[in-house]
Amino acid sequence: MTARKSTKGQMEMSETTLITLIVVIIIGIAFFVYYKYSSQSYDEARERISEEESSVLLAYIASMPEISCEDNCIDASKLLAFKSLSNSKDYIAVFGNKKITIEQAYPAVNSTEECTALKLNQASYPGNCRYWMLYERKPKLFSSTYIVSTPYSIYYPETDSHGIAIIKIEVYL
Amino acid sequence: MDKGIEFSFKAIFVSIAGAILVMILVNFAVQQTDLFGRYSNRAIVNSFEKQLDAFSVSSSSKKIINLPEKIKMRFDCNALITEDFSEETGRIIFAPPEIESEKIKAATKTWSFPFRITNFFYLSNEEDVYFIVFDAESKEYVDSLDLPDFKILKIDARNFNANQISEQAKNLKRANLILFTKQVNENELTKLKNLNIVRVNLKQNDAMYNNENFFFLDEAMLIGLITSPENYNCQKEKAIEKLSIISNINSQKASYLALKANNECKNYLLEIKSSLDVFRNQKEKNSLLNLNEKIKEQNNNLIRNDCQKIY
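Chains A and B, in that order, give the protein sequences. Residue numbers are given in our numbering: position 151 of the first sequence equals residue 151, and the series is strictly consecutive. Just remember that our numbering sits 173 ahead of the position in the second sequence, which is counted from 1.
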């Protein structure tokens, strides 16, 4: 009689434990699904905010006194000077993890090389180089990249002439 | 008796398991609320900064910045701080120490000295009031100031009445009194305990606030002092730091241009380069003002002689 009661009790105990375990598993699955959904929506929000920021940054870069002329253009003679300063704390706070280049589009150039002080010394400048690297900060780990760009007027004071350049921002996410 | 024990045991077991589950759920809810709060504050600060950046493309502009919701934002020297989020900023923002609103009055102005250096931002709570007191000598200057669209009340020193100002400012969180005159009785001013009082000396390009002397270089800086005496000095120093950076860039530009210039232009370019090199290391008012004039003249020399100008 006592043994039967004990078996019944054990069975009921097992039932309770099993139900609790199932409830815990269901809650665990619910948490997992919720986290998965949240992290996906956070990633999407992060990408959207980043794209908006980059578009504002494009307009901002073109108007920065560090590289712009007085009349809505980029001053090519300031680009090399700015490059030597752009990795300071202040600019890192503004630009973040990005690569910013300015590429000559018109008049077309045959070169694919970067414009450096050495190139600037040559008589064929600015036709002897394609782009100025303004800033680069690449994180060790990033999941994706995308590029935003815009054309802008560029002024070459050495020859007192204007051209068209592409401001390009590569964003590391 | 056995049944009773069995029931008590079950009840204890279910209570413990239930309590653990409830604790997990409550902890999760708290974490989520906290996360959403931080996310929301971050989004608001980002939206605010984007509006400032978009705004700064203009050389002079005034607007009301609308935020998605009411937020308390503190303006430290180098950071925008909300309850649980802080964002470093290199922008030069003349703002009250704290703004609590979803609408912020804002203005921007390009700071050129003598070349374009940066944009100054001026911010104000909607209800903040700025009393500007002038006399016959300073009237013309005060009238010509291109002030932001804040609540600005201009008062002739002859009509200055401390009791009246005190009454007007009584219910305000913050009010500034800017004196462009020495004709106001100091005893009268002691009645105005809750106001930020700034005494401006236009002849010396300096001002006194909280028993400290500050200098300003031009109108754009003076407006910063009028709108934000509390954090003026720090923003002024940031502006001078930026002046140093742009001077350095212009100095290097002069070197590059000199490489390909004819002898006459090369001399003018090297002259201005040398001034720019001194300029970028200056922090003292008179030297900055004198060099500003000298660089203007040297740049004009370049233009007059058909050489490449620096700005």
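Simulated from the structure, these hints should not be mistaken for lab results. Beta carbons: idealized from backbone N, C-alpha and C, even for Gly. Some clues are possibly wrong.
Pulled a few chain A residues facing chain B out of the computed Cβ check, cut under 7 angstroms [stated by the list, open to error]:
no., residue
1, Glu-66
2, Lys-83
3, Ala-93
4, Asn-97
5, Tyr-156
6, Pro-157
7, Ser-161
**OP:** Run the structure past the numbered hints and jot down the numbers of the failing ones, going up.
**Re:** Hint check: 2, 4, 5 and 7 fail, others pass.
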